[in-house]
Each structure stands twice: as structure tokens, then as C-alpha cells.
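Hey, can you piece these two chains together into the complex? The hints should help.
From first to last, the protein sequence lines stand for chains H and S. Under this note's numbering, think of the first position of the first sequence as -7, with each following residue one higher. Under this note's numbering, think of the first position of the second sequence as 2, with each following residue one higher.
There's no promise every hint is true.
Unchecked claim - Derived DSS-like pairs: lysine-lysine, alpha-carbon spacing no greater than 25 Å straight-line:
{"#": "1", "chain 1": "S", "residue 1": "Lys80", "chain 2": "H", "residue 2": "Lys14"}
{"#": "2", "chain 1": "H", "residue 1": "Lys45", "chain 2": "H", "residue 2": "Lys11"}
{"#": "3", "chain 1": "H", "residue 1": "Lys14", "chain 2": "H", "residue 2": "Lys32"}
{"#": "4", "chain 1": "S", "residue 1": "Lys46", "chain 2": "H", "residue 2": "Lys1"}
{"#": "5", "chain 1": "S", "residue 1": "Lys3", "chain 2": "H", "residue 2": "Lys1"}
{"#": "6", "chain 1": "H", "residue 1": "Lys1", "chain 2": "S", "residue 2": "Lys80"}
{"#": "7", "chain 1": "H", "residue 1": "Lys33", "chain 2": "H", "residue 2": "Lys1"}
{"#": "8", "chain 1": "S", "residue 1": "Lys3", "chain 2": "H", "residue 2": "Lys32"}
{"#": "9", "chain 1": "H", "residue 1": "Lys11", "chain 2": "S", "residue 2": "Lys43"}
Said to hold, decoys possible - From the derived model, a few chain S residues whose C-beta atoms are all more than 10 Å from chain H:
{"#": "10", "residue": "Phe22"}
{"#": "11", "residue": "Thr25"}
{"#": "12", "residue": "Ser27"}
{"#": "13", "residue": "Phe61"}
{"#": "14", "residue": "Phe103"}
{"#": "15", "residue": "Gly106"}
{"#": "16", "residue": "Thr114"}
{"#": "17", "residue": "Pro115"}
The hints are simulated quantities; they were obtained by calculation from the structure and are not laboratory data. Given the structure is predicted, the values throughout are model-derived calculations rather than measurements. We treat Cβ as the ideally placed atom computed from N, Cα and C, and that holds for glycine.
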Amino acid sequence: DTEVTQTPKHLVMGMTNKKSLKCEQHMGHRAMYWYKQKAKKPPELMFVYSYEKLSINESVPSRFSPECPNSSLLNLHLHALQPEDSALYLCASSRETGAVNTEAFFGQGTRLTVV
Amino acid sequence: RKEVEQDPGPFNVPEGATVAFNCTYSNSASQSFFWYRQDCRKEPKLLMSVYSSGNEDGRFTAQLNRASQYISLLIRDSKLSDSATYLCVVNMRARSDSWGKFQFGAGTQVVVTP
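Just chain S, with the same shape it has in the complex (with noise of 0.2 Å):
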């Protein structure tokens, strides 16, 4: 079983639209969660971190669900400059002094259609 599990999409969603997508993560001693977004050929780059009483930055929230194990993003009225592939990130404890193995998922793609 994967460490860290998306759906790979894609999502196609309308200009205006909401979307969801959730991330499941296997190991329970996870401490920090996030979602990066990543262009074609492009390096991730930091969305958000997700906190454990959920966040929202504009029109993205995102949600920690620790008794399930999983983290989902939504974005609200959808762009088309949100097209992209969407990263969830689990910071895991690498050894009992170090948190530093972000794993990452698969990702989702989201293509936002005029």
C-alpha cells in the first residue's frame, strides 16, 4: 500500500465550478500536511499547509480528517489558471529526531474548461 494515495483525475471541471479531491496517508504518526500545485514540467510549488482545524486561503479550504486519515482540498470558483496537478504532501518521521521524509502523492489533475 502506498504511503500517500490520490485519485489521479483528471477532474475536468467548468470555469466557475467547485471541486474536491480528498488524500489518504497510511501512517498514523503523521504530523504535517500540505498541498502543493505543480505545472507542466514545472517545480511544486507551496499551496497550502493544512491544519488540523482546517484552513482556508481564498478559494481554496482545506480539511484534516485525522480519525480517517485523509486531507482534502476544494477550490471554489474554479480558473483556468487553476488547471494544474495538485500534490499532497505528508511530512513523516524519518527517525525519532527528524520529521524529514515528505512524501508525496501521486497527484491530481485538475483541467478547468471554459
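Here chain H stands alone, though its shape is the one from the complex (with noise of 0.2 Å):
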């Protein structure tokens, strides 16, 4: 079983709005990842948990909060977005972040809209 189940599919929030996207494998994998797609343009790094601890930033912007409840689960929490934040977000996890040839294996994404 090589599945990471993403939360919603879709969402569409207001500017305003607080809202979580969700995360889950159960894989065993102790690394996982927030990505983030807009049209046309490959992924761009957002975040990288290590087993539950964050060890990659990729300065992002602090209204996209991560969070890492425990080896199974992750969470980004939004708040106050703006349109431009407005892309395909992705999960991904892998075996572990010290180990080469370890391949990610993605979630099916949830696809943002902010209005």
C-alpha cells in the first residue's frame, strides 16, 4: 500500500477564513511534505517533517501554519490567504529524510481556492 489520503479535495475559503488541509499514510514513513503547484509549474517545497519534527522551511509565509500531530498525520493550517495562494497543495511522505534512494510517494492533493 503505497496511499497518503489528502483532505478535503476541494476547498474554497475567504480571506478570512481559518481552515486545515490534512494529511495520512500509513506507510510507516517518517517524512513527510507540504507542497504547493500552481497551474502549469512543477511543485515548489513548502515543508519537511522528520520524524515529527520540522526540519525544512522553506520560508514560507506564517499565514501557512504545519503541523505534525504524530508519525501518521499532517496538517497545514490556514489562515488569512490571500487569492495568490490559490494552487494544488500536495502530501507527500517517504521511508525517512536520512536515507538515499528513497523514493515520495504523493497524496492526490487539494485543490485551493481563496476568494
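So, in C-alpha cells, the structure goes:
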């Protein structure tokens, strides 16, 4: 089973709303990632969690707040977003970050529209 | 200079033909290399990892050239279902103890025509 599950699949939110994106994997992976993908562009790394600790933050604005409650779950809390934050948000997981040749598996993504 | 570069295409390929394209990377310390395919409005799906000796999976062959810092993907006997964007992904060292930075190229679009 190489499944990463993301909810919701679609989300429309206003600029004053607070919402959360959720990601779950049961592969025993200890590294989890958030990526943002705009149309016709490649995914851009936002955050990396390794063993439930934040290991990489790619200078993401504070209106995006990641959380890793346990080794299977990853959340992305959203607050006061801008219309330009509308994108496909992808969660991924891999066995761990400390080893080479470890593939990343992606969830289906949450398509976010900020109005 | 981008860390991972690809020819965006599109590569228009007749059904049954062979198509090949490359990806170059700038960080010589990169250790892990992958090809993913992404269909329109879908998530990236792992196609294959790329190993130093090169590897083949059915109609797909991947090669790694460390000296010139590029990887390649060759698709033989192209099928209509091979139409997609192919993303080159390099796992880069983020810190001395972490390889967690999967860096994507911009993708190469392949269109297989009947």
C-alpha cells in the first residue's frame, strides 16, 4: 500500500477564514512533506517533517502553519490567505529523510481556491 | 540557474515510436534521482527511480550520467496512455544529516498521437 490520503479534495475559503488541510499515511514513513503547485508549474517544497519534527521551512509565509501530531498525520493550517495562494497543495511521504534512494509518494492533493 | 532543468517540450510522438529526453541538475552532491509522471490536474506518480547503473522497467529506460550531471528517460513503443508531463526529481541534501529536499524540474510534456 503506497497510499497518502488528503482531505478535503477541494476547498474554497475567504481571506478571513481559518481552515486546515489534512494528510494521512500508514506506510510507516517518518518523513512527510507539503508542496504547493500552481497551474503548469512544478511542485514547490514548503515544509519537511522528519520524525515529527519540522526540519525544513522554505521561507513560507506565517499564514501557513504546519503541524505533525503523530507519525501518520500532517496538517496544514491556513489563516488570512490571499487569492494568489490558490493552488494545488500536495502532501507526500517517504521512508525517511536520512537515506538515499528513498522515494516520495504523493497524495491526490487539495485544490484550494481563495476568494 | 535552476537546480533541476528540463526541456518543457511538448514532444509530439507518433504511437509506437521512441522518445527520449534529459534532465540536468546543478548540485553535484545530489544522490537520488527519480522520474515521476503527472497527468493533468492529478498528483505526481512515481514512474521509476534512477540508479547509477541505469535501469529498465518495461518500455521505460532511465540512465544517470554523474560526470555530466544529467539523467535521461527513454520510452519505447509509445502508447497513447503515455501522454503526460514527466517530472525529473532530485533528492538533495538539505543539511549534513538530511536528504529531505525533493527538488522538481519544470517537467517535460509528452503527447503521443495516433
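Hints versus structure:
no. : hint                 : in the structure
1   : S/Lys80 with H/Lys14 : violated, 36 Å
2   : H/Lys45 with H/Lys11 : holds, 22 Å
3   : H/Lys14 with H/Lys32 : holds, 24 Å
4   : S/Lys46 with H/Lys1  : holds, 17 Å
5   : S/Lys3 with H/Lys1   : violated, 31 Å
6   : H/Lys1 with S/Lys80  : violated, 30 Å
7   : H/Lys33 with H/Lys1  : holds, 19 Å
8   : S/Lys3 with H/Lys32  : holds, 17 Å
9   : H/Lys11 with S/Lys43 : holds, 22 Å
10  : Phe22                : holds, 15 Å
11  : Thr25                : holds, 15 Å
12  : Ser27                : holds, 15 Å
13  : Phe61                : holds, 15 Å
14  : Phe103               : violated, 5 Å
15  : Gly106               : violated, 6 Å
16  : Thr114               : holds, 21 Å
17  : Pro115               : holds, 25 Å
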